[in-house]
Amino acid sequence: MKKAPLLRSYTLFYLLFLYGPIILLPIFAFNDSRVVAFPLNGFTLQWFNEMLADQNLRNAAKNSLIIALSVASISTVLGIFAARASVRYRFPGKGPILGMVMLPLVLPEMIVAMALLVVLLSIGIPLSLFTVILGQVLICTPFAVAILTSAFQSLDRSLEEAALDLGETPLSTFRLIVLPLVMPGILASFLICFTISFDEFIIANFLGSGQPILSVYIFGQFRFPAKVPSMLALGTLLVLLSIILLGIAEYFRRRGIAKAGGKDSGGFL
Amino acid sequence: MAQTPNSEARAGLKLISPTALYVILLLAVPLATVLVYSVMTGARGSVSLPITAENYAELWSRPVYGYIMFKSLMVALVVTFATVLLAYPVAYFVSFHVKPERKSLWLFLITIPFWTSYIIRVSLWFVILGFGGVLDSALAAIGLEPLNVASYSILSIIIVLAHAYAPFAVLPIFVSLEKVDRSLLEAGQDLGESRWVTFLRVTLPLSMPGVIAAALIVFIPTVGDYVTPELVGDGKEPMIANLIETQLLKLNNFAQGSAFAVASMLMVGIVSVVFVLLNRRFIGGQK
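Same order as they appear, the protein sequences are chains A and B.
Read in order, the letters of the first sequence correspond to residues 1 to 269 in full-length UniProt numbering.
Read in order, the letters of the second sequence correspond to residues 1 to 287 in full-length UniProt numbering.
Calculated from the structure, these hints are not laboratory results.
Hints may be right or wrong, so weigh each one.
To be verified - Straight-line distance between alpha carbons at most 30 Å, and here's what the computed BS3-like set of lysine-lysine pairs gives:
hint : chain 1 : residue 1 : chain 2 : residue 2
1    : B       : K103      : B       : K14
2    : B       : K250      : B       : K71
3    : B       : K99       : A       : K227
4    : A       : K62       : B       : K250
5    : B       : K99       : B       : K14
6    : A       : K227      : B       : K236
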C-alpha cells in the first residue's frame, strides 16, 4: 500500500466532522451548566437524574420500544418472504414487486408518510401507535430484504437438496436446514430494523397523532433551552444503545457469512 | 429436483405474496390516491369531484410556492455537490490506501454516525451553531469573534444536511472504486502519464457510476427533508416537506397537499433522470 499522508489526514478530519456532534453529547451531558456552551463548568449527574425522573419521557420510551419491537418483527418476517422468493424462485412480476418493496429507499420519507396519512384519514382509521407501526414497516422492510437477500444468497443449494432427497418435506427442510443457516442474517435484520424504527421521526410525527414517541418527544424538547441538557443525557444513552445494537448486528452478519463460507464484502449498506 | 417453470412461478408468487400485499395496500394504493387527489376539487378536510387542474394552477400562480420549490431544489443540489465532493477523497483513501483486511473496519467507522439518531444529530447542530452556542462560545474562549452561523438559516441548513447524508455518499463511491481494475492504472503510468493525469483520465471516469449513485442517494432524501429546516432553520426557511405538512395538517387541504407532493416527486424524478443520463454520456459506449 502506498502511503498518502495528505489523504489520510483528510480522512481523519472528515471522521472528526462526522463524529463531532456525537462527541459533544457526553461532554455536555456531564457539564454542570444549563447553558450548552464553552467553557465547561464541572462534572454533574444532574441531567441524567432529571432525565430519569421525567415521567413523560418514560412513557415515550415505552411507546417507542413497543413500536420498534413490532416493526422489527414484522419487517423481518416480510423481509424473509421477499428475500427467499427473490433468491430461490423465478416468477412473473418479480421485478416490479421487488421494486415496489425497495421503493421507500429512494422515495423521500415525507411522501411515504403523507400518502399513508391521506388514505388513513380518508377511510377514517384513527391515528395511533398502530398506524406508526404500519408506516415504519414500509421504511424498514427494504433494509431487511437487503440483509436477508445476501444471507439467502450465501446459502448452499445442495444442502437443501440433500435434505429433500433424505425424505424431509420442504417445510421441515426449511426449519431444520435453511433457518439455522440464515439465523445470523435474521438477527442482524431484526436489530437494524429496531434501530431504524427507534430513531425514526417523520412517520412517528405524522402518523402518531401527538402520541408520546421518543423521537417526537426529543424534537419537541430541544425547543426549550432549559430541557436541552437532559436531552443530551438521553442522547448519550441512545448513541451508546445504537452502537451496541449495531455492533451485535455486525457480529451476527459476519458470523452468518463466515458460516456459509462466503467472503465479507464489508458494511451493512 | 426439477421443477416445472409453472410450479416454480406459483411457489415464488405464493412466498412473496404477504410482502407484496403489504406494499400494494400500504404503499402503492396510497401513492395512487395522492395522484388522484391532486386533480380533485379540494375542500377543508375532504376532496370531491369534479376533476380539476386547479391545484396545479394554484401552485403555478403563487410566486411563494415556486420560490420554495426552487429553493428546496437549489439547497438539495448544493448539499449533494458538497457532500459528494467531500466524500470522494475519503472513499478513494479507503479503496486505494487501506489494507484489504482493514477496509470493512473503516467503512463501519464511517457508517456509525448514520445509525445514531438523526433527530439528535440535527438537534445537536442546532445547539452547536445557535446564538451563544458551542461554536461561538468556543471561539470566544480563544478570543475570536463569534460567527453566528445560525443567523444564516440556509447556510446552517446546508451544513447540517451535508453532515447528515455524508455516509450515504462514501459507500457507493467506494464500491465503484473497488471495481476499478488496478492494472489499468499501472498501464497508464507505464505509458508515461503522471499519477494525477492517470487519476483524471482513468480512475475518475471509471468511478462515475458510483458518484452518480451517491449524488442520487443524497439528493432524493435531501429534497424531502422536513426536520432540518424546521429545527435548524427555525421554521423561517420552509422547504417542500414543510409546505406539504402545512397544507395537509394545518390547512387540512388534501387536494393541494397532494398536488405539492406530486409536483415535488416529478421534480425529483426529472433531476434523477438527468443525473442518470449524464452518467450514460460520461461513460460513453462502455457497458
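Broken hints, by number: 1, 3, 5
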